[in-house]
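*Asks:* Residue numbers (the working numbering), protein chains in the order written: chain A, 1 to 495; chain B, 1 to 545.
Incorrect hints may appear among the rest.
In silico SDA-like links for lysine to any residue, alpha-carbon gap of 25 angstroms or less [what the hints assert, rightly or not]:
hint: 1; chain 1: B; residue 1: K374; chain 2: A; residue 2: A224
hint: 2; chain 1: A; residue 1: K88; chain 2: B; residue 2: A287
hint: 3; chain 1: B; residue 1: K402; chain 2: A; residue 2: P97
hint: 4; chain 1: A; residue 1: K88; chain 2: B; residue 2: Y417
hint: 5; chain 1: B; residue 1: K402; chain 2: A; residue 2: Y288
hint: 6; chain 1: B; residue 1: K387; chain 2: A; residue 2: T266
hint: 7; chain 1: B; residue 1: K303; chain 2: B; residue 2: A438
hint: 8; chain 1: A; residue 1: K320; chain 2: A; residue 2: N125
hint: 9; chain 1: B; residue 1: K374; chain 2: A; residue 2: F86
hint: 10; chain 1: A; residue 1: K147; chain 2: A; residue 2: A360
hint: 11; chain 1: B; residue 1: K432; chain 2: A; residue 2: P297
hint: 12; chain 1: B; residue 1: K374; chain 2: A; residue 2: D109
hint: 13; chain 1: A; residue 1: K233; chain 2: A; residue 2: P97
hint: 14; chain 1: B; residue 1: K387; chain 2: A; residue 2: L99
hint: 15; chain 1: A; residue 1: K147; chain 2: B; residue 2: K374
hint: 16; chain 1: A; residue 1: K147; chain 2: B; residue 2: A388
hint: 17; chain 1: A; residue 1: K88; chain 2: B; residue 2: V427
hint: 18; chain 1: A; residue 1: K147; chain 2: B; residue 2: V427
hint: 19; chain 1: B; residue 1: K402; chain 2: A; residue 2: D287
hint: 20; chain 1: B; residue 1: K505; chain 2: A; residue 2: P294
hint: 21; chain 1: B; residue 1: K374; chain 2: A; residue 2: Y288
hint: 22; chain 1: B; residue 1: K387; chain 2: A; residue 2: P97
hint: 23; chain 1: A; residue 1: K395; chain 2: A; residue 2: A360
hint: 24; chain 1: B; residue 1: K423; chain 2: A; residue 2: P297
hint: 25; chain 1: B; residue 1: K423; chain 2: A; residue 2: A332
hint: 26; chain 1: B; residue 1: K423; chain 2: A; residue 2: T266
hint: 27; chain 1: B; residue 1: K374; chain 2: A; residue 2: T143
hint: 28; chain 1: B; residue 1: K374; chain 2: A; residue 2: A360
hint: 29; chain 1: B; residue 1: K374; chain 2: A; residue 2: N125
hint: 30; chain 1: B; residue 1: K432; chain 2: A; residue 2: A325
hint: 31; chain 1: A; residue 1: K233; chain 2: B; residue 2: T386
hint: 32; chain 1: B; residue 1: K374; chain 2: A; residue 2: K233
hint: 33; chain 1: A; residue 1: K147; chain 2: B; residue 2: A379
Just so you know, the hints here were simulated from the structure itself, not pulled from any lab data.
Given the structure is predicted, the values throughout are model-derived calculations rather than measurements.
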Amino acid sequence: MTATHHAGTSPATDYEVVIGLEVHAQVVTESKMFCSCSSRYSGAPPNTLVCPVCLGMPGSLPVMNRTAVEATIITALALNCEIPEFSKFDRKNYNYPDLMKGYQISQFDLPFSQAGWLEFDDPANPGQMRRAGITRVHLEEDTATLKHVRDSSGETYSLMDVNRAGVPLMEIVGDPDLRTADEAGSYLRALRQILRYLGVSTANMDEGAFRCDANVSLRPRGQAEYGAKVEVKNMNSFRSVVRAIEFEIVRQRDILDAGGRIVQETRGWVDDRAITVTQRSKEAAHDYRYFPEPDLPPIVTPATEVARLRSLLPELPDAKRHRFADAYGMTADIADTLTQTRALAEYFEQTAHLSGNARAAANWITRDVLRILGNTGAEIDQILLTPAHLADLIKLLDTGTISVRTAPEVLEEAVSTGSMPHEIVQKRGLGQVSDTNALTTAVADAIASNPKAVADYRAGKATAMGFLVGAVMKATRGKGNPGLVNELLKQQLDG
Amino acid sequence: MGAFYLAIAEHGKVGNIRHMGATGQPAGQTRHMHVTREHLVGISGDLTALTAPEARDLLVRRQISATELAHAVLGQIERTETQVRSFITVTADEALAQAHAADLALSGSDPGATPPLTGIPIALKDLFCTTGVQTTAGSRILQGFIPPYDATVVARLRAAGAVFVGKANMDEFAMGSSTENSGYHPTHNPWDTSRVPGGSSGGSAAAVSAGQALLSLGTDTGGSIRQPASLCSVTGLKPTYGRVSRYGVVAFASSLDQVGPFSIGVEGSAMVLQAIAGADPMDATTAPVAVPDYRSTIRDGVKGLRIGVPAEYFTAGMEPDVERLVREAIQTLQGLGASVHPVSLPYSEHGLATYYIIAPAEASSNLSRYNGIKYGLAALDEVDMTKAMDATRQRGFGNEPKRRIMLGTYALSSGYYDAYYRKAQQVRTLIKADFDNAFASVDVIASPVSPTVAFKMGARIDDPLAMYLSDVCTIPVNVAGLPGISVPCGFDHQGLPVGLQLIGKAFDEATLFRAAFAYEGATSFHRQRPPLARSEASANQAPHA
Ligand SMILES: [Zn+2]
Numbered sequence: 001m002t003a004t005h006h007a008g009t010s011p012a013t014d015y016e017v018v019i020g021l022e023v024h025a026q027v028v029t030e031s032k033m034f035c036s037c038s039s040r041y042s043g044a045p046p047n048t049l050v051c052p053v054c055l056g057m058p059g060s061l062p063v064m065n066r067t068a069v070e071a072t073i074i075t076a077l078a079l080n081c082e083i084p085e086f087s088k089f090d091r092k093n094y095n096y097p098d099l100m101k102g103y104q105i106s107q108f109d110l111p112f113s114q115a116g117w118l119e120f121d122d123p124a125n126p127g128q129m130r131r132a133g134i135t136r137v138h139l140e141e142d143t144a145t146l147k148h149v150r151d152s153s154g155e156t157y158s159l160m161d162v163n164r165a166g167v168p169l170m171e172i173v174g175d176p177d178l179r180t181a182d183e184a185g186s187y188l189r190a191l192r193q194i195l196r197y198l199g200v201s202t203a204n205m206d207e208g209a210f211r212c213d214a215n216v217s218l219r220p221r222g223q224a225e226y227g228a229k230v231e232v233k234n235m236n237s238f239r240s241v242v243r244a245i246e247f248e249i250v251r252q253r254d255i256l257d258a259g260g261r262i263v264q265e266t267r268g269w270v271d272d273r274a275i276t277v278t279q280r281s282k283e284a285a286h287d288y289r290y291f292p293e294p295d296l297p298p299i300v301t302p303a304t305e306v307a308r309l310r311s312l313l314p315e316l317p318d319a320k321r322h323r324f325a326d327a328y329g330m331t332a333d334i335a336d337t338l339t340q341t342r343a344l345a346e347y348f349e350q351t352a353h354l355s356g357n358a359r360a361a362a363n364w365i366t367r368d369v370l371r372i373l374g375n376t377g378a379e380i381d382q383i384l385l386t387p388a389h390l391a392d393l394i395k396l397l398d399t400g401t402i403s404v405r406t407a408p409e410v411l412e413e414a415v416s417t418g419s420m421p422h423e424i425v426q427k428r429g430l431g432q433v434s435d436t437n438a439l440t441t442a443v444a445d446a447i448a449s450n451p452k453a454v455a456d457y458r459a460g461k462a463t464a465m466g467f468l469v470g471a472v473m474k475a476t477r478g479k480g481n482p483g484l485v486n487e488l489l490k491q492q493l494d495g
Numbered sequence: 001m002g003a004f005y006l007a008i009a010e011h012g013k014v015g016n017i018r019h020m021g022a023t024g025q026p027a028g029q030t031r032h033m034h035v036t037r038e039h040l041v042g043i044s045g046d047l048t049a050l051t052a053p054e055a056r057d058l059l060v061r062r063q064i065s066a067t068e069l070a071h072a073v074l075g076q077i078e079r080t081e082t083q084v085r086s087f088i089t090v091t092a093d094e095a096l097a098q099a100h101a102a103d104l105a106l107s108g109s110d111p112g113a114t115p116p117l118t119g120i121p122i123a124l125k126d127l128f129c130t131t132g133v134q135t136t137a138g139s140r141i142l143q144g145f146i147p148p149y150d151a152t153v154v155a156r157l158r159a160a161g162a163v164f165v166g167k168a169n170m171d172e173f174a175m176g177s178s179t180e181n182s183g184y185h186p187t188h189n190p191w192d193t194s195r196v197p198g199g200s201s202g203g204s205a206a207a208v209s210a211g212q213a214l215l216s217l218g219t220d221t222g223g224s225i226r227q228p229a230s231l232c233s234v235t236g237l238k239p240t241y242g243r244v245s246r247y248g249v250v251a252f253a254s255s256l257d258q259v260g261p262f263s264i265g266v267e268g269s270a271m272v273l274q275a276i277a278g279a280d281p282m283d284a285t286t287a288p289v290a291v292p293d294y295r296s297t298i299r300d301g302v303k304g305l306r307i308g309v310p311a312e313y314f315t316a317g318m319e320p321d322v323e324r325l326v327r328e329a330i331q332t333l334q335g336l337g338a339s340v341h342p343v344s345l346p347y348s349e350h351g352l353a354t355y356y357i358i359a360p361a362e363a364s365s366n367l368s369r370y371n372g373i374k375y376g377l378a379a380l381d382e383v384d385m386t387k388a389m390d391a392t393r394q395r396g397f398g399n400e401p402k403r404r405i406m407l408g409t410y411a412l413s414s415g416y417y418d419a420y421y422r423k424a425q426q427v428r429t430l431i432k433a434d435f436d437n438a439f440a441s442v443d444v445i446a447s448p449v450s451p452t453v454a455f456k457m458g459a460r461i462d463d464p465l466a467m468y469l470s471d472v473c474t475i476p477v478n479v480a481g482l483p484g485i486s487v488p489c490g491f492d493h494q495g496l497p498v499g500l501q502l503i504g505k506a507f508d509e510a511t512l513f514r515a516a517f518a519y520e521g522a523t524s525f526h527r528q529r530p531p532l533a534r535s536e537a538s539a540n541q542a543p544h545a
């Protein structure tokens with residue numbers, strides 16, 4: 001069998017997979033990138049958030065949205081990028097009906113940032129991190145949306161909505177440092193988490209606020225040059241990114257194994273068929289004829305400005321995870337869970353601070369609060385149970401005001417009504433009885449009415465004590481402080 | 001039938017209204033008005049011969065009404081337009097409505113407090129977006145495009161009280177030096193209608209020259225204000241790049257385009273620049289440089305002014321009369337107290353080559369939005385989206401835009417960018433440095449505007465290079481982003497106008513106005529009108545419309 005194969009085409013060839021991701025993330029701003037139209041186009045009737053600038057009307061000129069630039073630089077800093085002092089916008093020329101001016105204002109050779117890196121969980125080694133280079137983070141404008149429709153008579157036409165045109169779009173270009181589809185998935189999760197921590201993007205892939213193209217190539221292990229690169233587009237979820245890369249690795253390996261050659265091209269992922277198909281060959285690739293955008297002066301970002309923006313950086317997920325584990329003595333898993341989002345982490349820290357009991361706060365949140373969020377589909381900042389509520393509940397427990405058994409009931413009511421737990425306890429008389437006098441009577445009654453159990457206790461039967469405690473609790477409708485009941489029983493029986 | 005004829009047909013009664021005079025004016029003032037008219041504009045009493053400051057003076061003193069002035073220029077348009085064809089659209093109704101509003105403002109207790117251009121008729125190059133009025137950029141591809149917005153300069157002129165008489169003809173997308181590249185019709189030089197008025201703002205220059213408007217607005221990307229001003233014997237200013245907003249000005253070459261005025265006499269241009277200059281939040285390339293009061297220094301004279309004369313701008317291809325008249329003009333300035341110094345601008349010889357890389361490159365990108373999808377011409381017979389876009393461009397653009405789109409696309413193409421566009425930008429820096437060096441020792445640089453007088457229509461239309469050479473003296477000024485003014489400096493042996501170019505330091509338009517004003521005060525070239533503009537000519541010539 002091996003004799004029929006030429007050297008280098010043996011199926012035994014060990015290939016190294018090389019993956020680089022290009023992510024486009026819409027920047028959260030009030031107005032569009034180059035005009036004052038609202039960028040919150042979701043749900044707006046078509047073509048209502050438009051003006052001469054974003055429609056590309058004759059004579060209109062772009063004016064830079066500084067907030068978007070700052071968001072881009074902050075993102076780049078969070079991704080450990082260098083921020084050059086001089087930057088500029090360029091025109092990327094191509095013709096497509098969704099492009100209002102016949103060119104997209106983007107950045108070519110002097111982007112806002114370059115040469116950073118991103119750390120993500122190594123899927124092959126749980127608990128370990130991997131690092132991938134970030135080539136650059138730059139800023140550009142989104143395009144209009146086209147809808148191709150077929151009417152009842154079978155005629156096809158295209159509808160255009162310009163609301164999205166000009167919405168600021170960050171492009172985060174990754175170095176070709178990823179080696180497996182799972183690494184790509186992990187990289188994307190880490191990136192999305194950072195964008196959301198920074199509050200610069202909703203990073204919701206299903207809303208189109210986060211888009212990912214993957215460059216995939218294979219090369220024989222040990223070879224320095226990259227193989228021919230295939231750009232895969234049209235993935236609409238993290239899962240489809242991973243599946244598309246997996247498919248592409250197999251497709252390319254099969255071609256190479258069969259002695260074929262990989263064609264450099266753009267392929268589209270077809271989700272329902274789980275394959276990639278040719279979209280555009282290299283020969284038909286665009287020459288974008290980039291040149292400096294003459295309508296926008298170059299941007300100078302002095303070191304003082306970079307320092308100012310750096311000072312605005314929040315604590316990032318990784319740092320927070322480590323701090324939680326160290327400062328609160330929690331496991332890596334719990335720390336990971338509590339730092340999923342910046343809002344959840346803040347919820348935890350506020351609860352821990354207000355209650356003075358971080359361990360209890362962590363337990364309640366990871367167990368009950370996340371369950372509530374899961375059941376209701378609400379975000380952490382949307383529920384009625386605030387950190388003040390949860391801290392109140394924890395304090396009621398810690399002071400012995402309520403028992404562990406009544407706590408869930410109080411929590412449920414606080415969640416549904418927004419009332420403070422101590423008010424609920426007061427109103428409904430759920431307070432634990434720790435009054436010795438009140439309990440002494442109940443204990444005496446229990447001893448008097450259960451002679452057999454008393455006899456059993458005195459005969460050394462351990463279960464008798466539990467029976468007598470139960471009797472007291474029953475009499476106090478569960479509000480007796482179990483520790484105190486135990487103590488009083490012992491006093492009266494032994495005394 | 002062009003848009004102009006449609007407009008004229010609708011307003012056919014303009015000529016009659018004109019003789020009704022201003023309404024509701026006290027008889028005493030009317031009598032006084034006649035005296036002042038004769039004093040100012042000669043025995044004919046032709047209001048179209050007024051300069052803008054003269055008209056302002058008469059309006060403020062209620063000697064004439066804005067309505068009367070509007071009727072005068074509209075009548076002049078009706079009488080001369082078949083010969084000159086300055087306009088793509090005449091907006092007679094709008095002009096009369098604006099004039100009426102101006103008269104209301106001027107009838108207040110303090111007419112002198114009205115905005116400075118109140119009631120003064122202005123023609124706008126058809127490159128400026130005007131709310132509700134078709135804006136074509138001289139191209140068929142924008143036929144029927146009615147902007148829902150004003151260019152910043154139009155809004156500022158509106159706020160200054162100006163009366164808009166119409167949209168002036170131009171070379172398509174401002175690409176040309178003769179206005180023969182208009183997608184509608186050529187414009188004729190009022191001094192000799194067999195000749196071109198220059199371009200691309202030929203309609204704006206011809207309109208002012210023929211008395212069809214007292215002022216006009218044009219754009220200058222490579223000489224498009226100064227060259228037609230020179231060929232039509234009017235004053236034309238190209239301000240410093242960044243001095244005037246480009247918002248709402250259909251873009252040709254974004255890093256070179258600049259808006260400027262035409263006028264009879266320098267002061268009118270100063271009045272217009274005063275109204276339109278200054279930073280605009282809608283144009284990021286406008287400079288936050290304070291705008292001085294131009295008229296407050298315009299009479300300060302040229303005593304002590306240092307004038308540089310670059311040998312490189314008096315070279316081969318220049319007509320002897322042009323050179324002679326320009327040198328005489330420089331001597332006149334010297335006689336007024338200026339000193340003259342030779343300066344050298346060696347890199348200017350590469351100005352044309354640099355310009356013909358940068359301008360087409362930017363144009364190829366700027367013009368890609370015209371595909372029939374949103375406005376203007378649309379090839380609706382093509383069903384396929386891409387084919388419809390291509391067909392729209394094929395049919396809508398004339399030869400010159402197509403030529404420049406191809407040049408620019410080539411210059412920006414992968415593999416050629418470094419050799420062309422990048423190199424051109426580097427040369428641009430050198431051309432600019434030349435001017436910086438020269439301006440270290442002089443205040444103003446004097447040169448010809450155009451190497452030749454107005455040429456015959458059709459003479460250069462098939463020879464793009466000859467046409468491009470029309471702008472050899474003006475292009476380096478755009479490439480360097482500097483201000484330049486063209487002032488009438490005489491007539492050649494055939495009686496055709498010649499212009500003097502004065503180039504200033506960046507944002508120093510005030511010195512250009514001052515020097516040009518001193519010069520015109522010592523001469524009378526700017527007050528000479530082409531025969532067809534004179535109202536006595538109208539007695540013999542019935543309008544053809
Ligand atoms: Zn807009």
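*Asks:* Look at each hint and say if it fits the structure.
*Replies:* Here is what the structure says about each hint:
no.: 1; hint: B:K374 to A:A224; verdict: violated (50 angstroms)
no.: 2; hint: A:K88 to B:A287; verdict: holds (17 angstroms)
no.: 3; hint: B:K402 to A:P97; verdict: holds (20 angstroms)
no.: 4; hint: A:K88 to B:Y417; verdict: holds (17 angstroms)
no.: 5; hint: B:K402 to A:Y288; verdict: holds (19 angstroms)
no.: 6; hint: B:K387 to A:T266; verdict: holds (23 angstroms)
no.: 7; hint: B:K303 to B:A438; verdict: holds (20 angstroms)
no.: 8; hint: A:K320 to A:N125; verdict: holds (21 angstroms)
no.: 9; hint: B:K374 to A:F86; verdict: violated (36 angstroms)
no.: 10; hint: A:K147 to A:A360; verdict: violated (52 angstroms)
no.: 11; hint: B:K432 to A:P297; verdict: holds (18 angstroms)
no.: 12; hint: B:K374 to A:D109; verdict: violated (32 angstroms)
no.: 13; hint: A:K233 to A:P97; verdict: holds (19 angstroms)
no.: 14; hint: B:K387 to A:L99; verdict: holds (16 angstroms)
no.: 15; hint: A:K147 to B:K374; verdict: holds (16 angstroms)
no.: 16; hint: A:K147 to B:A388; verdict: holds (18 angstroms)
no.: 17; hint: A:K88 to B:V427; verdict: holds (20 angstroms)
no.: 18; hint: A:K147 to B:V427; verdict: violated (46 angstroms)
no.: 19; hint: B:K402 to A:D287; verdict: holds (19 angstroms)
no.: 20; hint: B:K505 to A:P294; verdict: holds (22 angstroms)
no.: 21; hint: B:K374 to A:Y288; verdict: holds (23 angstroms)
no.: 22; hint: B:K387 to A:P97; verdict: holds (12 angstroms)
no.: 23; hint: A:K395 to A:A360; verdict: holds (10 angstroms)
no.: 24; hint: B:K423 to A:P297; verdict: holds (20 angstroms)
no.: 25; hint: B:K423 to A:A332; verdict: violated (58 angstroms)
no.: 26; hint: B:K423 to A:T266; verdict: violated (33 angstroms)
no.: 27; hint: B:K374 to A:T143; verdict: holds (15 angstroms)
no.: 28; hint: B:K374 to A:A360; verdict: violated (62 angstroms)
no.: 29; hint: B:K374 to A:N125; verdict: violated (55 angstroms)
no.: 30; hint: B:K432 to A:A325; verdict: violated (62 angstroms)
no.: 31; hint: A:K233 to B:T386; verdict: holds (22 angstroms)
no.: 32; hint: B:K374 to A:K233; verdict: violated (29 angstroms)
no.: 33; hint: A:K147 to B:A379; verdict: holds (21 angstroms)
Consistency with the previously given hints fails for numbers 1, 9, 10, 12, 18, 25, 26, 28, 29, 30, 32, ordered from lowest to highest.
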